[in-house]
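Chemist: The chain contents come next:
Number of protein chains: 2
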Amino acid sequence: MQFYSYLKEAIAMKFNYLYFITIGLFFLSCESTEVKQVETEADPLPSWNDGELKELIIQFVEKTTDIQSNDYVDIENRIATFDNDGTLWSEQPLYFQLAFAIDRIKEMAVDHPEWNEEEPFRSLLENDMDSLKKQGVQAIMKIVTTTHAGMTTEEFTQLVKDWTTESKHPRFDRAYTDLIYQPMLELLDYLRDHNYRTYIISGGGMDFMRAWTYDAYKIPSDQVFGSTIKTKFDYNDGMPVIRRLAEIDFIDDKEGKPVGIHRFIGKRPIFAAGNSDGDLQMVQWATSGEGPRFGLFIHHTDGEREYAYDRNSAIGHFDKAWDEALDKGWSIVDMKNDWKVIYPFELKE
Amino acid sequence: MQFYSYLKEAIAMKFNYLYFITIGLFFLSCESTEVKQVETEADPLPSWNDGELKELIIQFVEKTTDIQSNDYVDIENRIATFDNDGTLWSEQPLYFQLAFAIDRIKEMAVDHPEWNEEEPFRSLLENDMDSLKKQGVQAIMKIVTTTHAGMTTEEFTQLVKDWTTESKHPRFDRAYTDLIYQPMLELLDYLRDHNYRTYIISGGGMDFMRAWTYDAYKIPSDQVFGSTIKTKFDYNDGMPVIRRLAEIDFIDDKEGKPVGIHRFIGKRPIFAAGNSDGDLQMVQWATSGEGPRFGLFIHHTDGEREYAYDRNSAIGHFDKAWDEALDKGWSIVDMKNDWKVIYPFELKE
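Chains as they are written, first to last, in the working numbering: chain A, 1086 to 1434; chain B, 1086 to 1434.
In short, the hints are calculated from the structure, not lab data.
Treat the hints with care, since some could be wrong.
Repeated chains share a single entry, so a pair holds when one copy, or any two copies, can fit it.
Stated by the list, open to error - Here are the simulated DSBU-like cross-link-like pairs (lysine-lysine), alpha carbons at most 30 Å apart as the crow flies:
{"no.": "1", "residue 1": "Lys-1317", "residue 2": "Lys-1405"}
{"no.": "2", "residue 1": "Lys-1218", "residue 2": "Lys-1413"}
{"no.": "3", "residue 1": "Lys-1317", "residue 2": "Lys-1433"}
{"no.": "4", "residue 1": "Lys-1413", "residue 2": "Lys-1317"}
{"no.": "5", "residue 1": "Lys-1421", "residue 2": "Lys-1219"}
{"no.": "6", "residue 1": "Lys-1253", "residue 2": "Lys-1352"}
{"no.": "7", "residue 1": "Lys-1352", "residue 2": "Lys-1339"}
{"no.": "8", "residue 1": "Lys-1352", "residue 2": "Lys-1227"}
Build the full structure now, drawing on both the sequences and the hints.
Modeler: Rendered as structure tokens:
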């Protein structure tokens, strides 16, 4: 960013005293050609192959943050929302949160011998996935509420943290939190470097994500929204806790995503990224406002380095959103051709 | 803040590039004694009378932001939550949001002649507050849903904005948004200057507040949470809107406040301020965690400059929370004696 436009932004921002300290120090500093060093920018998206898509992203960020551009957006409105499963990390062979739930059931089964006779636990413990699928949504709900409720919020966070350090993805034999997308990390950083706020708006469980999203993506809990179960305040004799109840509160998917965005952020995003039909309404909402807008879909085309799936996949079903992306001219990442690496660990190999 | 601790904080913060530009400029700048100018701080709370309470607040902020203190709190956990009605602005002779609803009913009545015969509208239009009170919560709910639902979120925001510029408080003959507390504005600024994030957690309507809280308090929509009604995404032939439905979603009061804080922020605040029994659970939650904690209640003691009320008032009922504040040693503002001015306009008179 030009230092000139940085100054203008500082004035536009009004209240952030850090800016004023920066400006103060700038004026106090003697004339020095070295100041130009801070203006030099390297490739902000090094894991993205050069091409039209990368160029479009960079153009969008530059024009929305250059005060002299007609498409300039003030800092308060630089809101970018991201789906999580399949957009920021992998979601195959099944949603990682479901893998967590299954691991929990297996762990809890030691204290529940009756589960050997009781569905859906019996099928799950015998790895009878066909039988499990036939039991439908009710079975999944029972597994989720059994594993995600009945403890305090702090206990649940600890369970998720333990799981992310102890469990391994079956194909990659790595922690699930290693399977985040390096190019998306760069995109998140690039947006934040230009004073965008980056939010997760996911169909996945809000508290499940918050246990690890700061370490993985540098996204703090108050910028992570997802599906929720009901909770209850318990004074607990002066040592208050919040207890997780076995009742769904809000499903943050499809039409739920714009509703969740309104509740959680209160502004319409100007940039939204997803990978499946569950993200369609979020991208419709973000891209239909006035001024510059960016809609982005991740197309999973790389069966070798990750997974290849779209219209025929139950997980990450990408069908109506694909058609509409083509129709409306939203950007589509072709993972195989647009991304130099998929995961951060590839950079170290 | 000492520049040394500022540098340490910058490192702790990791990701904010503004810090690094600041640091870069600092090292690029020649030696200059003038740099010390940025360290000088004036009284951060000029509208607070000197005394124990003011000293306690300043001590708390200093110790939690001085990296060399045992009570240092990293930036990610500097969360401060504030009630709104009676804590950041006045709430008498009745909640300002209720005044908005009543004004709306009177405006809408032109198109609803049947309301002259229909309760609770008849009582309201005839200013028969006794009859209205007898009709209880159901009547209030009907007034709220009639005036707060049935439009898009953008239309509702505009209605509130129009009301805040056009309507006047009956006693002060000023816009309701002029009746915010100058000492609390200074406290919000002071906390933010030390990298606290300041949230509103109010029993009042979330969208009602978001229409004006940024202008009034510099608190953006994604840091304003309150009670909500249900909303629904409507694709609306490619011009999507979010519609407000006549159904309560969440009451952010009493036990609801810690639940709302968990959902909206995902961290336990270390500083919480309220003024009534509706804030008790929020302050219990904030003050019972580990490490340094600050609980603050505003006691309305100034009938001349504002209003005097506590245990016997239906609005801003301050009874159990008062007892517990005394018992637990939470801080209590005595408005009459602790505040030099109540409202910002007094400074200009």
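Chemist: Each hint should be assessed against the structure and marked as holding or not.
Modeler: Each hint, compared with the structure:
| no. | hint | verdict |
| --- | --- | --- |
| 1 | Lys-1317 x Lys-1405 | between (38 Å within a copy, 20 Å between copies) |
| 2 | Lys-1218 x Lys-1413 | neither (35 Å within a copy, 54 Å between copies) |
| 3 | Lys-1317 x Lys-1433 | neither (45 Å within a copy, 46 Å between copies) |
| 4 | Lys-1413 x Lys-1317 | between (43 Å within a copy, 23 Å between copies) |
| 5 | Lys-1421 x Lys-1219 | neither (34 Å within a copy, 68 Å between copies) |
| 6 | Lys-1253 x Lys-1352 | between (38 Å within a copy, 28 Å between copies) |
| 7 | Lys-1352 x Lys-1339 | both (18 Å within a copy, 27 Å between copies) |
| 8 | Lys-1352 x Lys-1227 | between (35 Å within a copy, 28 Å between copies) |
This entry does not satisfy hints 2, 3, 5, going by the numbered hints stated previously.
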